[in-house]
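J.: Going down the list, the sequences are from chains A, B and C. Just so we're aligned, residue 1 is where the first sequence starts under the numbering used here, counting upward by one. Just so we're aligned, residue 1 is where the second sequence starts under the numbering used here, counting upward by one. Just so we're aligned, residue 1 is where the third sequence starts under the numbering used here, counting upward by one.
Please keep in mind that the hints were generated in silico from the structure rather than gathered at the bench. Fair warning: this is a prediction, and the values are worked out from it, not measured in the lab. Hints are not guaranteed to be accurate.
Claimed, not checked - Restricting the straight-line Cα-Cα distance to at most 16 Å, the calculated cross-link-like pairs of lysine to aspartate or glutamate (EDC-like) are:
id, chain 1, residue 1, chain 2, residue 2
1, B, K127, B, D70
2, A, K113, A, D127
3, A, K289, A, E64
4, A, K244, A, D262
5, B, K266, A, E159
6, A, K306, A, D318
7, B, K127, A, D72
8, A, K244, A, D152
9, A, K113, C, D41
10, A, K31, A, E54
11, B, K127, A, D331
12, A, K185, A, D155
Claimed, not checked - Across the chosen pairs, the derived CB separations fall in these ranges:
id, chain 1, residue 1, chain 2, residue 2, range
13, C, L21, B, W72, 30 to 40 Å
14, A, G263, C, L110, 52 to 62 Å
15, A, Q329, C, G99, 52 to 62 Å
16, B, Q299, C, G99, 29 to 39 Å
17, C, L110, B, R187, 31 to 41 Å
18, B, A138, A, Q329, 26 to 36 Å
19, B, W147, C, R200, 51 to 61 Å
20, B, E177, C, S10, 22 to 32 Å
21, B, R187, C, Q179, 30 to 40 Å
22, A, D155, C, R139, 30 to 40 Å
23, A, G154, B, A85, 45 to 55 Å
24, B, F246, C, L114, 22 to 32 Å
25, A, A294, B, A138, 53 to 63 Å
Each residue gets a CB set at the ideal place from its N, CA and C atoms; glycine is no exception.
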Amino acid sequence: MSRALLLASLMLLTWACTSPPSADKKEKSGKTVICLLPKKKGVPYFTSCSVGAEAASKDLGDVELRYDGPTDGSAEKAAEMIEKWTAKGVDVIAVSCNDPGALASAMRAARAKGVKVVTWDADADADTREFFVNQATPEQIGFGLVDTMAKDLGDASGEVAIVTASLTAANQNEWIKHMKIRMAKYPNLRLVAVKPSNEDQKLAFDTTRDLMGAYPNLRGVFAISSVAFPGAAEAIKQAGKSGKVLVTGLATPNDMKAFVKDGTVTSVLLWKTEDLGYLTVEVGRALAKGELKAGATEFESRRLGKVKIAGDNVLLGDPMVFTKDNIDQFDF
Amino acid sequence: MLAVTLVTVKCVNPGFYEPTNLANLGVQLVPFAIMTVGMTLVVLVREIDVSIGSLAGVVSAVLGLAATQDHWNLGTGMAVALAVATGTLVGVVNGCLVALMRLPSIIVTLAMMAVLKGAGQILLDGKWVSSLPLDLRAIAAGGVPIWVGLAVIAGAYAMLTLHPWGWRLRAVGSHPEAAAKVGLPLRRLKILSFTLMGFLTAVATVVSVPQLSVVESGFGSGWELFVITCVVLGGVSISGGKGTLFGALLGVAVMGTMRSVLVYLKLGDQAVYWERAIQGGLILVAAVADRIIALRKSQVTTRETV
Amino acid sequence: MRRALKGFGSYEAGLLGLLVLLMIGFGLADPAFLSLGAQLDLSGPLWESLLLAVPMTLIVVTGAIDLSVGAAVSLCAVCFGLMFQSTGSVLTSGMVSLGVGVLVGTVNGLLVSLINIHSLVVTLATMALGFGIAEGASRGQPFSGFGPTLNPVAKWAVVFAFGAAVWTAVWTRRSVTGQSLYVIGLNETAAEYSGYPVKRSKVALFVVQGLMAGLVAVIYAARRGSVKSDIGQGLELDVVTAVVLGGTSVFGGRGSVWGTVLGALLVHEVRQFASWHWERNELIPLLIGGLLLISVTAGRVIDGIKTPQ
Numbered sequence: 001m002s003r004a005l006l007l008a009s010l011m012l013l014t015w016a017c018t019s020p021p022s023a024d025k026k027e028k029s030g031k032t033v034i035c036l037l038p039k040k041k042g043v044p045y046f047t048s049c050s051v052g053a054e055a056a057s058k059d060l061g062d063v064e065l066r067y068d069g070p071t072d073g074s075a076e077k078a079a080e081m082i083e084k085w086t087a088k089g090v091d092v093i094a095v096s097c098n099d100p101g102a103l104a105s106a107m108r109a110a111r112a113k114g115v116k117v118v119t120w121d122a123d124a125d126a127d128t129r130e131f132f133v134n135q136a137t138p139e140q141i142g143f144g145l146v147d148t149m150a151k152d153l154g155d156a157s158g159e160v161a162i163v164t165a166s167l168t169a170a171n172q173n174e175w176i177k178h179m180k181i182r183m184a185k186y187p188n189l190r191l192v193a194v195k196p197s198n199e200d201q202k203l204a205f206d207t208t209r210d211l212m213g214a215y216p217n218l219r220g221v222f223a224i225s226s227v228a229f230p231g232a233a234e235a236i237k238q239a240g241k242s243g244k245v246l247v248t249g250l251a252t253p254n255d256m257k258a259f260v261k262d263g264t265v266t267s268v269l270l271w272k273t274e275d276l277g278y279l280t281v282e283v284g285r286a287l288a289k290g291e292l293k294a295g296a297t298e299f300e301s302r303r304l305g306k307v308k309i310a311g312d313n314v315l316l317g318d319p320m321v322f323t324k325d326n327i328d329q330f331d332f
Numbered sequence: 001m002l003a004v005t006l007v008t009v010k011c012v013n014p015g016f017y018e019p020t021n022l023a024n025l026g027v028q029l030v031p032f033a034i035m036t037v038g039m040t041l042v043v044l045v046r047e048i049d050v051s052i053g054s055l056a057g058v059v060s061a062v063l064g065l066a067a068t069q070d071h072w073n074l075g076t077g078m079a080v081a082l083a084v085a086t087g088t089l090v091g092v093v094n095g096c097l098v099a100l101m102r103l104p105s106i107i108v109t110l111a112m113m114a115v116l117k118g119a120g121q122i123l124l125d126g127k128w129v130s131s132l133p134l135d136l137r138a139i140a141a142g143g144v145p146i147w148v149g150l151a152v153i154a155g156a157y158a159m160l161t162l163h164p165w166g167w168r169l170r171a172v173g174s175h176p177e178a179a180a181k182v183g184l185p186l187r188r189l190k191i192l193s194f195t196l197m198g199f200l201t202a203v204a205t206v207v208s209v210p211q212l213s214v215v216e217s218g219f220g221s222g223w224e225l226f227v228i229t230c231v232v233l234g235g236v237s238i239s240g241g242k243g244t245l246f247g248a249l250l251g252v253a254v255m256g257t258m259r260s261v262l263v264y265l266k267l268g269d270q271a272v273y274w275e276r277a278i279q280g281g282l283i284l285v286a287a288v289a290d291r292i293i294a295l296r297k298s299q300v301t302t303r304e305t306v
Numbered sequence: 001m002r003r004a005l006k007g008f009g010s011y012e013a014g015l016l017g018l019l020v021l022l023m024i025g026f027g028l029a030d031p032a033f034l035s036l037g038a039q040l041d042l043s044g045p046l047w048e049s050l051l052l053a054v055p056m057t058l059i060v061v062t063g064a065i066d067l068s069v070g071a072a073v074s075l076c077a078v079c080f081g082l083m084f085q086s087t088g089s090v091l092t093s094g095m096v097s098l099g100v101g102v103l104v105g106t107v108n109g110l111l112v113s114l115i116n117i118h119s120l121v122v123t124l125a126t127m128a129l130g131f132g133i134a135e136g137a138s139r140g141q142p143f144s145g146f147g148p149t150l151n152p153v154a155k156w157a158v159v160f161a162f163g164a165a166v167w168t169a170v171w172t173r174r175s176v177t178g179q180s181l182y183v184i185g186l187n188e189t190a191a192e193y194s195g196y197p198v199k200r201s202k203v204a205l206f207v208v209q210g211l212m213a214g215l216v217a218v219i220y221a222a223r224r225g226s227v228k229s230d231i232g233q234g235l236e237l238d239v240v241t242a243v244v245l246g247g248t249s250v251f252g253g254r255g256s257v258w259g260t261v262l263g264a265l266l267v268h269e270v271r272q273f274a275s276w277h278w279e280r281n282e283l284i285p286l287l288i289g290g291l292l293l294i295s296v297t298a299g300r301v302i303d304g305i306k307t308p309q
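If we strip away everything but chain A, and leave its shape as in the complex, we get:
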């Protein structure tokens, strides 16, 4: 009996798989389909970017936005997403690149099939995409973090530590590399430890506490993942060291408002995430419609006005520093 069932099922399956493929037919609506791939879905930073992207697709009217990505930030799963969208025959894929090496082949394959590929938030190899919507390079971020810390410390001296995401996080490793380069400029600033927090706020909290105990002279902590930042700030606050041990990092202003107001955190570094999402969708659409071509030096955005293009980088502008004085003006 089961053998007969097996045979019947196999035949059904073959029939199902060989039935006329309709993959090549474009989406019915005639809209430009733009896929936005975050490094990690489900974190406030990318959720906030997607809000901006959603707004852009509404404003433009002829764009259909897809927002999806790995919930664990794995590069392999990000590559699978690109392959999937390519197979579906979408128009544009916008990639926030987790790991240039791991995504390169999928991105090249997508381009070979006529999909327009751009990067946003984090760049990939130049030959795997047409434009990079650049809000900040790793160099800008790394240098910016160190400069901010040096400025907040006043005399730019003392022991500092880094609490990073995980030791394999490609972006954070890139930032750390540039942070170390920049620290050469401040000879009195000494990096004593780099510790992982594995995207776990509690671990970031515990680790920061241990760091303060182990290095009593610690003066500053760079908490360079969105989850590590509030964890580290909380540890410093509870130890009663607000203002004595400084902490800085990248985070959306809403998540850090309370810490900035009570003085635990002096400066938060970030860009306008919604604008980044908005601009990415606009660039993607313009590229698909042929309105934006290689060699352009300027791009007209609905929300941001004229935006500069340097080489193949569409520039969002410099990162912002949120402090006690201006953080209330922002809501994202």
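Following the hints, put chains B and C in place on chain A, whose structure we already have.
T.: Leaving out everything else, chains B and C in the frame of chain A:
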């Protein structure tokens, strides 16, 4: 082994023994100690629960969403009750599937782990819950978590040593068929273990979430491995019946201090990449040592009987 | 064909039915998903998880488990990357990767069978150790630029996977050694007294599992052109899920390779469809967990009807 670790760190960095640091360490370990108590009960009846990490994530999401004004706004008391109820309910479901349906616990809880992970992510919907109310934050302030932890440990200790449940659990774990033959309520004892596991996971979450300022979706990830490692390291036999609460708690102490100690040892910039390897190596060494000691002992006894 | 299909029982038939129903449902909801091209484009991870799930089935049949597969893949991949960096030869690096896999398997096997520590405990420890060494040796950095010589390996993955599945399916049914694994799983002491080479079989299985991890690391390197110490993260769960979904009992003594193949297919298709059609990655764990729960419960109910207590 704990002693060796502690002596080494003493020599390298006496700052580790500052009272504030020890208190911090205590607060840090309490949630894991609480969950380890639950896991010990589950492992004693020859089962395992790998869903506790995801469960902690869901409980933290429920707690955060229920307690804050911008979300469900149920008030702190209600939020805590709801959180504990969620944990206990999941424990009951796990227990019923294992005991009544006679399904292997590793599979049931593996599936539960995945389901809860998805549920937690959907509950939080890509955002954080921030601005937890002050009365909730007060739960984790001062010594409250430590007292809760001690109470849990004392309760479990009393249950395992004074109450007949203790030997019943062991009996079920070491020889289920025999236990059933002498009329022990096998199913009820298993359901009880899982229910307590769920309940204790919720308690551990409730005392540790308010230490932090925001609730995010990564909460609890990997806890199941940590807790199981503690239990195993503490000499509780994964094939049931054997092991003590004290041993398991020692396991927590070793695993918990190890991470802390690795910071205090100031191994330098490059050593951080090897920390996970050091931890894995230690677990392996402990397991092998434990086994070899056990083998020696059994050899001695057989020789004597011969 | 008939020989290979022996051991295709009613549970497997049920799984296949479920798979076909799901595929038809998926096809109705989104015809493009079923096209051969799309399925092939998305199939990369399937072959890798199959290659790991086949030996895992046998390990579970003997009543053991190997949680260190993910860590082994990571470690092999990192060793592959390091070796390639220093020699530039894909062949040498591949050999090193396989060798490291065998080494991991040997360690696991010896600890499990000679010192007699529970496999869950051993592989939990080697998992931490494996990921730790991979992270330490690579400093968390990726390796890439393996060049075109490696590319064909990715295309051969499907052949490897099918070969492994078919050969193992026949072997477990037809050979004495294959059958003995089931005896070991049912009652290890009895198997030992009956003269089966229990210890040797167990060590061999773990070694094969390690070897496969080494192979998968090379295939991954070929497919993605880049490896890092986190590529095996969570792989052990996918593999165990496929095996269990396929009806293999974690108590040992029961299970089939065909079940595992179907289990791996089910997990793969559900996962791909969730992000293909709904484009919501967060649904995936929910669906896979639910699927697992339903299938084991259903399996138990069928069993319960068949053999009333």
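J.: Take the hints in turn and mark each one as holding or not.
T.: Here's how the hints hold up against the structure:
1. B:K127 to B:D70: holds (12 Å)
2. A:K113 to A:D127: holds (15 Å)
3. A:K289 to A:E64: The hint holds at about 14 Å.
4. A:K244 to A:D262: Roughly 13 Å between the alpha carbons, so the hint for A:K244 and A:D262 holds.
5. B:K266 to A:E159: holds (13 Å)
6. A:K306 to A:D318: holds (15 Å)
7. B:K127 to A:D72: This hinted pair holds, its Cα atoms lying about 15 Å apart.
8. A:K244 to A:D152: holds (11 Å)
9. A:K113 to C:D41: holds (12 Å)
10. A:K31 to A:E54: holds (14 Å)
11. B:K127 to A:D331: holds (14 Å)
12. A:K185 to A:D155: OK: A:K185 and A:D155 at ~13 Å, within 16 Å.
13. C:L21 to B:W72: 30 to 40 Å: The hinted range 30 to 40 Å holds for C:L21 and B:W72, with Cβ atoms some 38 Å apart.
14. A:G263 to C:L110: 52 to 62 Å: This hint holds: roughly 58 Å between Cβ atoms.
15. A:Q329 to C:G99: 52 to 62 Å: Distance hint for A:Q329, C:G99 holds at roughly 60 Å.
16. B:Q299 to C:G99: 29 to 39 Å: Given a distance of about 35 Å, which is inside 29 to 39 Å, the answer is holds.
17. C:L110 to B:R187: 31 to 41 Å: Distance hint for C:L110, B:R187 holds at roughly 38 Å.
18. B:A138 to A:Q329: 26 to 36 Å: For B:A138 and A:Q329 the Cβ distance comes to about 32 Å; the hint holds.
19. B:W147 to C:R200: 51 to 61 Å: The hinted range 51 to 61 Å holds for B:W147 and C:R200, with Cβ atoms some 54 Å apart.
20. B:E177 to C:S10: 22 to 32 Å: At 28 Å between Cβs, range holds.
21. B:R187 to C:Q179: 30 to 40 Å: holds (34 Å)
22. A:D155 to C:R139: 30 to 40 Å: Taking Cβ atoms as reference, A:D155 and C:R139 lie about 32 Å apart, which means the hint holds.
23. A:G154 to B:A85: 45 to 55 Å: holds (51 Å)
24. B:F246 to C:L114: 22 to 32 Å: This hint holds: roughly 30 Å between Cβ atoms.
25. A:A294 to B:A138: 53 to 63 Å: holds (59 Å)
Consistency note: the structure conflicts with none of the earlier hints.
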